[in-house]
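Chains as they are written, first to last, in the numbering used here: chain Z, 250 to 491; chain D, 1397 to 1582.
What the hints contain is simulated information worked out from the structure, not anything from laboratory work. Computed from a prediction, not measured in an experiment: that's the story for all the values here. Don't be surprised by glycine CBs; every beta carbon is placed ideally from N, CA and C. Worth double-checking, as some hints may not be accurate.
[As the list claims (entries may be wrong)] Under 8 Å between C-beta atoms, here's a sample of chain Z residues computed to sit facing chain D:
1) ALA268
2) SER312
3) ILE324
4) PRO429
5) GLY432
6) VAL483
[Said to hold, decoys possible] If you want a taste of the chain Z side facing chain D, the calculated C-beta under 10 Å gives, among others:
7) LEU272
8) ILE281
9) GLY310
The primary structure of each chain is shown beneath.
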Amino acid sequence: MTDSNPTSPEMTDKDRLAAEHALRLLEGEELITARGLMASDPAFAAAVADWEEKLAPLYDGASGTVPPPAVWARIEAELARPARSAASANVVALQRRVRRWQIASVLSAAAAVALAFFAFPGTKPAPAEPTAPLMANIPIADTPLRLAVTYLPERSEMLVSASGLTADGVHDHELWLVTPDDGAKSLGVVVPGEQRRVAVDAALTRHINDGAQMVLTREPLGGAPKGQDAGPVVAQGTFVQI
Amino acid sequence: MSDADLAREELKAAIARLADGDRSALEFIYQATSAKLFGICLRILGTRDDAEDALQDVYVSLWRSADRYDPARASPISWLATFARNRAIDRLRSGKVQSGAVPVDEAMEISDETPLADEQLEVQQSNAQVHHCIETLEERQRDAIRTAFFHGATYAELAETQGVPLGTMKSWVRRGLAKLKRCLEA
C-alpha cells in the first residue's frame, strides 16, 4: 500500500473532524475541539450538517419498530404537564415572540459596550441583602459551552461570564431579559471570552426574579440594529435563587 | 406528485406548523415517523425501556427545536433521523441509560412493522449515493463506519470490539471516510 497518509490528500484536518463529529466517533479533546468549532465556525457546522444529511439515507433499509402506545401518551402528558411544561412551553412561546418583536432596547449596544468592566470580585462574600443573588446558566446549543449570569440585587449588577466563547468576527451575541409585559429587553452584547460586570437599568431590575427568563440571540456585530427584529435565539436560561 | 413526494411535503409542512407553535402537528409527525425513529433509538440504546425514554425525549425536544429545520437544506426524514440519532447518542453517553449495554440483537428481534408512511418517505432516498458509495469501501472500513452510524460507537469502542489498537481503527475509518467523501462528491 503506497498510501502512508491516513487521510487522503483532499481531506483537510477540518474536513475529517467534521465527518468524525457527524458520526459521533470522537471523545475527549477532539470532541471538545469539534464542539467548539460547531459554535464558532459556521463552515464547520455546515460541513457536519452536510455529512449528516448524506449519511442519513443509510437508515432507508433499516427496519422500523412501532413503539408502544404508552410512549405517545407520555409525550402528550409531558407537553401538557403544568409545572415543568408550562415553563418549557412558555420558553418556546417566548422564543418565538422574541423573534417577532420589534425590540426597543433599553440599553443600546453602544451603551452596553461602554459599560464599566471590572475584575470579578471572586471570593468576596455577598452581603446579606434583601434578596439573595440569582444565577442563570445558559447552555449554548450543541456545545459544552455555557454563559453564566449572576445577578446581584443589592448592586443592581449582573456578572456575565462568557469565558468559553470565542468571537467569529461576523456575529455578536446579545442577551435579553424576557419581561411579561414589554417583551424582550436587551441586557447588552456579550463579550466572548470575558467576564464582565453590567449595570442593570432600574426599569429592568423588577423583572429579574426567580424564574425570570433570558434568551441569547445571534446578531450582527454591535448587536441587534435599532428598530429591527432580534436575530435567531441560540440559547436560553432561567434565573434561579441561589 | 408521487405518493413519496406527497408524504415528504406533508411532513415538511407539519414540521413548519410545529415550528409555528401548532402542537397538533406533532401527532402527525409522530404517526408518520415514530417507527423509524424508534428503530434508530433501539439500535443505539439496545433496550426497549431506554429506547422508549429516548423516543419520548426526541419528540418533546422536537417541539422545541422544530424551527431549526431548514427545508431548503435537508429532507425532512433525514433531518428527523439525524435529530433522533444525535439525541439517542447523547443519552447513551450522558449516563442516563439505566439498563447498561444489552445485546442489540434482543432489540432487533422486535417486530418489523414499518408503517406505509415511512416506506413512502424512503422511496425517494433509496437511490441515495451513500448506498452505492459505502459498498465501494473495504470491508473493515465499511463495517466500522456502519457500526458507528447505527450503534453510536466511538473510535475507542470500535477498536475494542475489533480488538485492534485505537490508531489502527482511526486509520481504517479515516481512509473510509476520505473514500466515501470522494465518492459522494463524484
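The hint names VAL483(Z) as touching chain D; please verify it with the least Cβ-Cβ distance against 8 Å. At 10 Å from the nearest chain D Cβ, VAL483(Z) fails the 8 Å test, so the hint is violated.
Would the hint on ALA268(Z) be counted as holding, given a Cβ-Cβ threshold of 8 Å to chain D? holds, 4 Å
Next item in the hint list is GLY432(Z). Is there a CB on chain D closer than 8 Å to its CB? Hint violated; GLY432(Z) Cβ to chain D Cβ min 16 Å, cut 8 Å.
Hint SER312(Z) vs chain D: min CB-CB distance below 8 Å? Holds. Min distance 4 Å.
How about LEU272(Z): closest beta carbon in chain D under 10 Å, or not? With a minimum Cβ separation of about 5 Å from chain D (threshold 10 Å), the hint on LEU272(Z) holds.
Taking 10 Å as the limit, does the beta-carbon of ILE281(Z) come near enough to a beta-carbon in chain D? violated, 14 Å
Minimum beta-carbon distance criterion (8 Å), ILE324(Z) to chain D: holds, 5 Å
Supplied contact hint for PRO429(Z), tested at 8 Å Cβ to chain D: Given a least distance of 18 Å, the restraint on PRO429(Z) is violated.
Should the interface hint for GLY310(Z) be scored as holding, given a Cβ-Cβ cut-off of 10 Å against chain D? holds, 7 Å
This entry does not satisfy hints 4, 5, 6 and 8, going by the numbered hints stated previously.
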